[in-house]
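With the hints as a guide, bring both chains together as one complex.
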Amino acid sequence: MNYTILVCCGTGCIASGSLSVVEALQNEINSQGANAEVLKQIKKTGCNGFCENGPIVKIMPGGISYYKVKPKDAKAIIAQLGDEPVEALLYRDKGKAVLTQKENPFYAPQVKVALRNIGEIDPCSLDDYLARGGYDALKKAINMPPNDIIAEVEASGLRGRGGAGFPTGRKWRTAAGYDNYPKYVVCNGDEGDPGAFMDRSILEGDPHTVLEGMAICALAIGANEGYLYIRDEYGLALKHVEKAICDAEAAGFLGSNIFGSGKGLNLSVVRGGGAFVCGESTALMASIEGRVGEPRAKYIRSVQRGLWNMPTVLNNVETLANIPVIINNGGKNFASLGTEKSAGTKVFALVGKVKRTGLVEVPMGCSLRHLIYDIGGGIIGGRPFKAVQTGGPSGGCIPADMLNLPVDFDTLTSYGAMMGSGGMIIMDDRSCMVEVARYYVNFLAGESCGKCTPCREGLRQMLAILTDICEGRGKEGDVELLEEISETVLDSSLCALGKSAPNPVITTIKYFRGEYDAHIKEKKCPAGVCTAITGFEIDAAKCTGCTLCKKSCPVSAISGTAKSAHEINKNICISCGACREACRFEAIKTVQKGGLANAD
Amino acid sequence: MPEQNITYEDITPLLLKYPKDQRHALAIMQDMQRHFNYIPRKGLEALADYLGCHISGLYSMATFYKSLSLKPKGRHIIKVCDGTACHIRGAVNLVSGIERVLGISADEVTGDGEFSLELVNCLGSCALAPVMVVDDEYYGKVTTDRLPEIFDALRGEARP
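In the order they appear, the protein sequences are chains F and Z.
Residue numbering for the first sequence follows our numbering, beginning at 1 and increasing consecutively.
Residue numbering for the second sequence follows our numbering, beginning at 1 and increasing consecutively.
Just chain Z, with the same shape it has in the complex (with noise of 0.2 angstroms):
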């Protein structure tokens, strides 16, 4: 959803569900994130409000933990773990795969805003390795041959 389109009464229902206090800002931001797909300033500026608080500490913890973003995501979000066990299995082949494949590199989102790629530390899932997981759904062992077929029976399916 686009910045402009989100409005407090978006926003209000994701803080009413944590008491007033410092510590849930990060379950909150997390909340945030999992429902627009980002972190927007509307959202942080109201939960600096939420919380009295200021809003550069808000802003501190949305750059430094990872699985928060201040830019709008893919609808499907494309997790390749960079563990040590798939990166000596072929993680970095597998995203040089994705790269050709879709048009992107870590980070990026491609331009119909479908798909975004990242890369992700080790997911514990390293018997299955390389692992990609994309929306919660674990691909194990993948060769970059499988690529386009799982990313075009994704393309225009209802993000989960």
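Looking at chain F on its own, in the form it has when it is part of the complex (with noise of 0.2 angstroms):
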């Protein structure tokens, strides 16, 4: 028998030591001796996804999954090859050993359709993508009419999954229905939202998708030069792009002659420059041009005139994974998943004060309860769940009573959410919703690029009123002026950034005006968070005198012994609220602080 040894080393997993224990298992193989009928091989792959319990070690044939694997496990692992697994390593759910990922509750619910080749081959290996059918997508294309291949994307039903939901199909038409040359085919990697990073893991763990998807674009719409804009901060998935794009050019699937067939496609990356701005269209090809990422109006499509003035399509990175599998099964299987109007699969960050944080496919349509309970595992130490955080910062927080809404498109928009990319940053009851918007505000204020005064000027003065709220100065009237300026920014600012920038404030103010209101008329916190506002107390009756709580206090403004109640002192804490991360007998209660509310 031969064994392939998978060690998931996206960033991830490599933050968590998964590059020494692919060194420790490569000893072991060397070391407990070569065996000339058992071969043992070892691959780095791409994100597994459940980064959580990196590094995930997956023994192939089998598919015995080992999370959170030291060094010293190697040993273990390599000598128990075949045997018995190694029963410490393996993962638990409720109590009992799951074997393989297909048994997990994490994994087993997952339909991988863009992530189908991640953490099973090595991305920077083109052999490895050509073993599970890469390339055959773009050889099938390359004898298809550009129209045949447009039509199988309009009869799949996808749809831009960077977050606007337009339909792919129907912007490749578009950009094929002009007779001017040249023409482009982009990638968006400027993954910006917070808390979404499936571009990042599939540009790091199959990257030769993403670049076939690209090509199959260009023979659509007839575009022989492409740029994928990735952003610096990605160095593994740079790294691995530009290799792939070498290795595709050297096997004569890129370059000047795509299978020999005289067609070509040149493709180069380009380091995005920090700004979120620039995962904008307009803002994007500004930045590829070499210019600020300033936005402009879009009274002509950039389908039409976009790089340098030209017929350009700009496609996402999950959009694009998604295409090599409509044209090798066909559109119509592809429709078969999902809903009707939003098809296929789509790829969500599940982040936040969830039990199991990661990467998950699942069909659209499937519920927000089913993805944060089911899969997810539901919150961290059973805390009741708040709200979910979808969109981005362009998106909107949705309560609890609204977990059974499904996942597309068209439903979250209407609750004034949005799907967007997929990030979905799930709170607990100790997130509080008016710093959850002002966080949002902040974000989006600086990232501004402030060409058009709504935007500029409008989210300054949204961010300066929701600061004051937060520290304690909120006014009666403050959560309508806010709604008006909401008003003002969302009608008339001049791209998508300023067009949704208020919906985190929207939302947490339809959902969860209480909070809004005890933080301005009674300059309280509920979830204790907003600093300024709150202050801890030890409940002496609750306190086990674990000590847990002074060995967590950042200021040592806990006094006590082992075994006896402690004690704040309220002149030194500076309300972090660590003491309340670490105690486990709920002993620590949040209070409000006393004289510093009105202090300006």
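Since the hints were made in silico from the structure, they are not lab data.
These numbers were taken from a predicted model, which means no experiment stands behind them.
Here are some of the chain Z residues that sit facing chain F, going by a computed Cβ distance under 10 angstroms:
| # | residue |
| --- | --- |
| 1 | 57 |
| 2 | 86 |
| 3 | 92 |
Where a beta carbon is used, it is the ideal one built from N, C-alpha and C, also for glycine.
Structure follows, in structure tokens:
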């Protein structure tokens, strides 16, 4: 039997030390003696999605998966190959050990289309990609008339995964219809939404899929040149994509003569400059052209006049990753997944206060409850769920009584949130909704390019009001004023950044008005997050004297001896809440900070 | 490297890696940023010369893009992720912890030029929140008590 040991080497697992696990495994293979009949090889794969439990090691064949592997575990893993699994490294669901990912409640309900290869292949190996049917779709497409390629994508019902949900086939057809050349195909890898990392994962873990998708698009619209705009912070993704382009060119899958057909596509990588607004199509194109990434008014759409004023198709990473599957299996087949108006699957990043954090791919239309409770395992520490923030800074906060809503492009939008690029940030009762709104407005005010007044000035004023509310200086009428400014910013901003910026404020006011009122009228933060108006006290009756809070306090404000009730010195306390997170007995109470609320 | 010690000989090789085309302006400036730890005025001047564009356009780019800086950064760059997941899992406390340990706030450099602190947008490693990255090395689930040890190890160590 030959064994392949797949070690996840995505950014998450590398941060948890997977590279030293690879080294230790290799050393063990060498030192435990080579057996001519047993071939053992190690592969560094892309992100498995379950980053919180990294480093992840999977043994093929069989698929036994180990989590939180340390270098010292290498000995047992190698020694027990094909034997009894190493019990201590298996994932435990409600105390029961889980052998493979198929039985793991995090993976079992998932349907992998865009993520089909990730975690299974070495992203730096073209052969690995080919072994899983890579570039078959391109080979097929090269002999298809462009119209048939587009028809197939139209039949699939695929909509842009970057957030706006524009039908991909229609975009391609429009671009194909223009008769001026050169045309461009651009991949948007400037994933800026906080809490979303599906694009990073795909670029890191399966770069060839994206290139193949771009090449098929180029054939369909008649482009010979393409760009991948990728965030500079995504070092590993940049490295893997650049290598993939070189390998694909050398193999004749890209470059001037694809599969000897005489058709060509040259791809280049552009590193983003760290500006959120560059995720907006016209700003992104300005940035590729070597200018300041400011959006323009879209009287003329970029499919007609995009990059250097030529017809341009801009698709998101995840959208492109679906293309090879559509060409291989047919658009109808793809459309059989998901809902009528939102076909296929969507990758979500389940993060925040959820038990199982990670990347999840499910058919569109599944409920929020299914995502958060069945796959995500519910809230950390069994605390009550308060809200889920979807769609990044342009999205909204959805409260607990709406958990049964299906997740697709249209449903969430009708409730003031949006699916967006797929970030799902789960919040518990210790997340302050006013502070969350302030956080997003602060983010967007900082990222506003400043070109149009409503976005630039409106967000700044909203931030000032929200900061006042969070710091205990809120006044009657503030909420109404926020609503009024929100309306102006929504209606009159130039680009999608401003047009959606007030969503977090509007939805938190709509669903969590009580929290705003508590901050404004009672100068109280119910979640105990806003430090200016929150203090902490230890409930002596509940305190067991375990000393955990004392150890966690960064400013040594807690005194007390083991097994006796502790006390917080309010003069030293900075209200960071570290003690409350550490306490296992609910002994830390939030109280109103006396006297400071109105200080200015 | 202080501005007066930078010569055009230091800058030219960075320019020549790219063809004379406006679309490479951002990439060249990113390379300068990596090389000098900031964008020196001489660098902007040389680039304007090379591309045949006006320096004001480059200046507006250098101030627009977050990855570019006109002021020298520390030898070790500490990036604290303030994406939503990190934010609700304590990024703010992490920043104030760093402020206490190193005595610098966001966008500042320590007196000895060793460290600079930046608050950055989501790094896409939300499962490890709160995340801190120092010189491309990721630290996940960082607690403030680990900070002195991490920084002590880096202090004096050469920049990668």
